[in-house]
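**Student:** Listed here are the chains, written in short residue letters.
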Amino acid sequence: MPPARPDTEYPGGRGHASSGHSLAPSAGSPAFWRDARRALGRVPPSVPAKIRQVARPGAGPEAAEGRGAGISSLIMDPECSQLLPALCSVLADPRQPVADDTCLEKLLDWFKTITEAGSSLLLLQENPCLLGLLCHVLKPQDLSPRVLSFSLRLAGMLAAQEDCFQYLQQGELLPRLFGEAGPLGGAAWTAPSVRSGWIQGLRSLARHPSALCFLADCGAVDTIFSLQGDSSLFVASAAGQLLVHILGLSLQGPAEGHPGLQTGDWPVCAQKIVSHIEESLRSAATPQITQALNVLTTTFGHCHDPWTQVLWGRLSPLVACLLEKDPVPAAHSLVDLLLSVARSPVLSSSSSGLWETLAQTLSHLSPTQAGPLALGILKLQECPQVLRAQAFAVLLQPLTCVLEATAQAPGLLDSLDGTGGASVTVDTLLPSKAACVGLLCRTLAHLELLQPLPQRPSPWPQAPLLGATVTILRLCSGSATPTSDAGGHLCAFLVGCVRVQRAALDFLGTLSQGTGPRELVTQVFAVLLEYLTSPDSSPTVLKKAFQATFRWLQSSPETPGCSDLDPHAHLFLRELLPVLPKRLCSPCWEVRDSGLEFLTQMIGRWGGQAGFRRALLASEVPELTEQLLRDPESYVRASAVAAMGQLSSQGLRVTPASPEHPGGQQKSLLAELLHILSTDSEGFPRRAVMHVFTQWLRDGHADVAGDTERFVARVLQVASQDLDWEVRAQGLELALVFLEQTLGRPSSHCPYAVTPPVAAPPSSLAQALRPLCRVQLFEFAFRALFDCDRPVAQKSCDLLLFLRAQTASYGGPQGSGSVPEVASVEAALQRWQAGDQGQPLGYLEPEVVVAVLRSMDLEGLRGALAESSDRVEKSPQSLLQDVLATVGALGEDEADCY
Amino acid sequence: MKLYCLSGHPTLPCNVLKFKSTTIMLDCGLDMTSTLNFLPLPLVQSPRLSNLPGWSLKDGNAFLDKTELIDLSTVDVILISNYHCMMALPYITEHTGFTGTVYATEPTVQIGRLLMEELVNFIERVPKAQSASLWKNKDIQRLLPSPLKDAVEVSTWRRCYTMQEVNSALSKIQLVGYSQKIELFGAVQVTPLSSGYALGSSNWIIQSHYEKVSYVSGSSLLTTHPQPMDQASLKNSDVLVLTGLTQIPTANPDGMVGEFCSNLALTVRNGGNVLVPCYPSGVIYDLLECLYQYIDSAGLSNIPFYFISPVANSSLEFSQIFAEWLCHNKQTKVYLPEPPFPHAELIQTNKLKHYPSLHGDFSSDFRQPCVVFTGHPSLRFGDVVHFMELWGKSSLNTVIFTEPDFSYLEALAPYQPLAMKCIYCPIDTRLNFIQVSKLLKEVQPLHVVCPEQYTQPPPAQSHRMDLMIDCQPPAMSYRRAEVLALPFKRRYEKIEIMPELADSLVPMEIKPGISLATVSAVLHTKDNKHVLQPPPRPTQPTGGKKRKRASDDIPDCKVLKPLLSGSIPVEQFVQALEKHGFSDIKVEDTAKGHIVLLQEAETLIQIEEDSTHIICDNDEMLRVRLRDLVLKFLQKF
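Chains V and U supply the protein sequences, listed in that same order. When you line the first sequence up against full-length UniProt numbering, it's residues 1 to 898, in that order. When you line the second sequence up against full-length UniProt numbering, it's residues 1 to 637, in that order.
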């Protein structure tokens with residue numbers, strides 16, 4: 001990098017250009033543009049134009065010759081190069097509007113990958129039509145804003161490389177595109193897309209020192225300043241980011257080496273931006289202050305160079321001044337800035353006044369605005385303890401108010417009430433329902449985020465938080481008795497408020513990670529039971545209540561010695577279980593579904609414990625669950641399948657010997673699930689069945705262990721015909737489990753799997769593979785290999801690769817099978833691959849399987865599958881063809897394009 | 001304008017509005033909670049009930065909650081808002097000398113008739129061997145146990161009316177349709193609007209040319225079977241009388257329906273029977289519709305549903321023919337053509353069966369476990385009494401209360417001890433307080449008038465500030481037997497001018513856009529319509545004879561004093577006085593204007609907005625001078 005020479009040209013850049021492009025025509029000469037225009041029209045890319053002889057720096061003349069002779073270009077596919085002139089002419093023609101600007105975006109993406117991979121200069125030179133397009137858009141004409149915007153962005157992208165920048169400069173193209181003479185002054189400027197394209201073009205262009213001079217020369221910075229207040233939010237935001245980028249670029253060289261450098265010594269461009277920010281911060285208009293704050297936030301968020309320290313040193317007094325205003329202007333942006341400063345390693349360690357400013361801000365902002373700041377402060381890794389305490393107090397204020405309004409035990413209040421800000425909070429909470437609900441929801445969400453963090457405040461006021469959350473929930477259900485007017489108002493706002501209920505239940509669930517005083521835990525369970533029982537709980541609230549309940553039960557201490565639920569939770573469970581049947585009978589399917597999910601979780605966790613089992617078996621729950629297998633709603637059926645799978649695994653399925661079915665000849669669950677798998681019209685229940693079966697196989701479930709092979713064969717047969725790819729994929733998962741069990745490999749990928757007692761590993765490979773052949777696992781896997789759904793094929797490929805590796809471990813090429821049999825299988829597989837999957841393979845001998853496996857190019861297949869399925873459609877060539885096809889420029893019309 | 005409040009029950013209102021010389025009764029609900037003081041009337045002699053200690057079966061159930069606040073024979077019209085609010089009609093039309101008209105929509109009348117018919121049937125089919133009324137004597141009543149001892153105005157309790165009285169009462173009803181404008185004596189216009197609560201339920205607008213009173217009673221914003229509530233027409237009311245809000249504001253109907261279905265399913269699955277005490281019309285339609293959707297999912301397809309009421313058949317069939325009174329969804333079904341309510345399908349598939357009573361066919365078809373819908377919700381009469389006796393002993397069975405009109409604990413009292421499960425899921429689709437506050441924000445009446453119960457939280461939940469009407473200005477509340485002067489004065493009356501008279505007017509523009517003309521005419525008032533007619537041609541001049549002023553029959557057409565308009569600018573007036581030789585002038589400001597004091601002449605000129613007085617001491621010359629000066633500042637025409 002050349003030494004800092006503020007506000008001058010960069011001779012290094014020019015030198016580079018002159019040395020690298022000695023063959024380029026002289027800049028500004030009319031002949032050059034004429035050439036370019038001619039090239040646009042007539043010269044096919046295969047003809048070596050004069051301009052083509054320009055070599056990329058480093059590439060020898062042979063390379064240039066080689067390309068000239070038609071060898072595929074390093075920059076762009078020859079096919080694309082061939083299509084490009086037509087594309088450019090389409091774009092340049094106002095009579096052929098490009099209807100879809102996503103294709104323009106895709107084109108830009110493509111150019112971006114090209115320019116990032118190689119020389120832009122070479123690209124321009126190989127494809128003069130691009131230059132032609134850029135020149136063309138400058139002509140006064142009725143060009144669509146999209147194309148203009150596209151051209152600006154393309155020009156910026158090309159000029160990102162300094163040599164190309166110089167090249168374009170020689171034709172004065174850049175000033176004409178981005179300067180006063182360009183779209184900037186024209187009618188097209190009214191289109192936001194053009195303004196956005198202008199900004200993005202400059203954003204791409206501003207990569208090198210020469211670009212800075214250019215920006216200064218063409219007065220772009222002032223335009224960017226004004227665009228900060230643009231009516232289009234996208235433009236305004238992009239303008240802010242561009243300023244940050246320019247500031248960073250201009251200070252990259254000079255200030256980097258001299259951290260002590262004061263702003264007065266900064267390059268003119270940087271000084272100009274800083275002055276603008278200062279002026280904005282002093283302004284009385286909130287939008288301007290917001291713009292300045294946003295620019296600073298982005299700057300400090302992205303750049304941690306020493307110069308940011310100098311900048312903050314200069315601007316922090318102005319920012320502090322904002323705090324003295326009432327109300328504080330642009331509070332949200334101010335909070336973002338301060339947090340960005342506090343997070344910056346450079347700034348937080350050095351700025352002496354930062355913590356004071358933060359403290360001051362906390363006390364000045366309204367509770368609604370201060371919440372995010374408080375959360376941000378508490379999330380900081382390094383921060384003075386006093387400030388953390390203050391932030392935490394701010395965050396807790398709304399909950400303090402709730403506790404006060406309902407006059408909770410004073411002990412709870414003391415630990416929450418740290419500041420005198422509560423009255424302000426009451427003022428915020430009480431005027432309107434929306435404000436009250438919003439503040440409480442945000443507070444609860446903030447605390448929920450904070451709770452699991454290692455840097456959360458310590459001591460964590462678990463008990464008051466529990467108390468407040470329970471109180472909020474009781475206010476929402478109308479069961480709390482407020483003791484003050486404020487409480488009465490709160491109650492009136494919160495009764496039946498689903499938003500607050502959801503937030504509070506989420507937070508209550510999070511709080512289960514800690515412990516609490518016994519009486520509070522009792523209250524927690526009481527309020528949860530109240531919600532689970534209440535007919536007024538909305539389905540979403542009920543779901544959250546179930547989730548919170550499970551978390552609290554999970555965290556309740558286990559009785560020492562017997563690993564059962566503690567008596568307390570047990571008591572709760574006894575009250576809960578009568579509620580569950582009612583929920584399972586609810587006319588609202590969401591309720592039935594969340595009830596079943598809860599049940600499944602409960603059985604998974606406590607299914608083995610005597611107390612729970614007794615309580616569950618005494619209830620109607622197992623019977624009802626089984627009835628829900630026939631629910632009209634597929635989600636419910638799926639959940640019922642999962643729940644029944646769990647119940648059965650834990651031996652909790654009730655098989656009453658009803659008088660109508662003497663001897664308890666009830667249909668076995670396995671048969672019932674198989675029935676669902678083969679007949680259910682919806683995918684979810686079938687997927688659930690496959691999950692249950694896989695789990696049963698893993699766990700050695702009694703129904704399965706009796707005749708595993710028959711079970712696997714039956715399941716694979718049904719699964720292979722399923723229309724839902726997830727079912728087929730899950731079938732492969734089941735096949736894998738069976739494979740591992742058969743081949744004696746200890747299952748390692750699932751830590752919870754109970755490995756059934758493995759028989760002594762089969763002695764020979766053929767012996768080992770025989771059970772797999774008997775269940776027709778290979779037929780299933782091979783079919784899956786050519787599945788039209790890629791994930792299934794990938795999974796199958798992995799399975800077969802795993803199997804091949806396993807067979808290898810048995811050593812030597814055992815039994816290569818009879819050649820004709822192998823050949824016929826391979827032929828069948830080829831037919832399958834071609835899409836004709838009608839003919840089954842039938843029983844395969846292990847030797848044949850091994851031979852087929854070894855002969856197949858599974859790795860190649862895996863590679864092909866790894867490529868995205870739309871790789872053909874996504875190719876640039878296809879993109880160009882698409883664009884041309886939409887305007888009908890392909891084919892015979894081509895000649896008329898010029 | 002006055003409102004006489006005859007009922008203390010907010011959902012069974014009975015108010016009388018006196019408005020522009022008309023007397024309009026708004027609803028006549030019958031508060032039947034006093035029946036809870038009586039023993040049930042069993043269809044079959046019940047040894048248990050007859051052996052209860054102390055009190056033998058008492059006389060008929062009688063109930064009327066009216067006072068002698070107003071002479072009911074003076075009532076001109078009665079407006080009925082829904083079939084629950086007309087149950088006292090026979091008492092009023094048949095026993096008070098009432099000679100007016102009753103207005104109600106067709107479904108209201110038809111279903112109201114069914115409800116009355118059922119009530120009469122329930123009472124009459126269990127005739128009492130003896131009847132006692134001596135206990136109503138205050139001295140004896142005092143000796144009775146609580147709560148009878150404390151019951152108020154027992155003497156007003158009446159025997160149930162007869163079918164004959166019902167028919168006679170219903171014959172006085174004139175049918176109306178939504179938005180139909182009905183002129184009452186030319187004075188006011190009344191219009192029923194859909195209230196969304198029940199088939200044919202209405203709110204009423206009572207308006208004159210310059211005043212509008214809205215009567216909102218039993219309305220619902222939920223999507224159930226009736227036509228949705230018409231809110232827009234309630235806008236710009238001077239007074240909105242608000243009654244008939246939900247009786248169970250804490251219970252959300254959706255949640256309750258869910259609770260109803262779940263409990264029903266759980267009971268039936270365990271082999272128990274479900275008893276639903278209900279009215280023969282209304283919520284039962286919605287319940288049957290929910291069950292229709294639910295029974296398959298809950299595996300209850302084989303469970304029979306029985307609907308037992310003397311009017312069951314008519315109720316189910318009536319509901320299907322009132323298509324124009326139904327919600328849009330159900331209306332469109334009619335064009336398919338399909339029956340609007342799915343209970344038709346339940347009947348077709350034999351899942352729902354209906355019987356007039358439990359005698360006859362029902363006893364042969366009866367199969368358990370089953371679900372029975374039957375009346376009366378008070379559990380004091382009707383077939384429900386028998387089922388309570390029959391099923392009360394088994395804990396497998398469940399009684400589910402869905403009607404909110406009676407306290408379920410009191411209703412159950414005579415059946416204790418009871419083994420069967422009791423579930424209380426009151427379903428009341430009428431407006432709750434949140435909906436009311438939205439409604440009031442929307443229609444913005446100048447004043448709201450409501451029963452006092454709505455202006456404070458329910459006594460049992462005094463902290464629930466959300467369970468009361470919160471509006472600005474605060475609602476005016478009334479209680480039973482109160483007369484409320486409605487808070488607005490009538491200021492204007494519409495008067496028509498005959499065309500020939502209008503022709504003769506010569507308006508003079510006094511301000512841009514405002515013209516005035518003097519009118520001399522005869523005001524003719526007939527049937528509450530006022531018309532200005534041209535004065536009769538003056539008879540021969542009577543020669544300067546002075547007329548009596550107050551009793552003029554023919555307006556004075558000859559001596560036309562000019563009318564004055566404008567205001568007197570005090571400063572200029574003072575300058576004018578000075579110019580005319582008055583000196584020593586003092587001006588004092590008063591609350592209404594100014595006093596100009598001519599000290600020398602000992603004269604006061606009192607200038608106010610609409611009058612000017614010259615007070616001088618018997619100096620007519622001076623007065624005339626001053627008057628002319630004053631007149632110079634005013635416009636004459």
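These aren't lab readings, by the way, just hints derived from the structure by calculation. Quick caveat, the model's predicted, so the values are computed rather than measured. Incorrect hints may have been included.
What the hints assert, rightly or not - With the Cβ distance kept under 7 Å, some of the chain U side facing chain V (calculated, not the full set):
id, residue
1, Glu259
2, Met465
3, Pro507
4, Ser515
We treat Cβ as the ideally placed atom computed from N, Cα and C, and that holds for glycine.
**Student:** Do the numbers back the hint for methionine 465 (chain U), that is, is its least Cβ distance to chain V under 7 Å?
**Tutor:** This interface hint holds because 4 Å falls under the 7 Å limit.
**Student:** Quick check on the hint: serine 515 (chain U) CB to chain V CB, less than 7 Å?
**Tutor:** violated (49 Å)
**Student:** Let's test the interface hint: is any C-beta of chain V closer than 7 Å to that of glutamate 259 (chain U)?
**Tutor:** The hint holds - glutamate 259 (chain U) has a Cβ within 7 Å of chain V, the shortest such distance being about 4 Å.
**Student:** Let's test the interface hint: is any C-beta of chain V closer than 7 Å to that of proline 507 (chain U)?
**Tutor:** Because about 52 Å separates proline 507 (chain U) from the closest Cβ in chain V, which is outside the 7 Å limit, the hint is violated.
Figure legend: structure checked against the earlier numbered hints; hints not met, in rising order: 3, 4.
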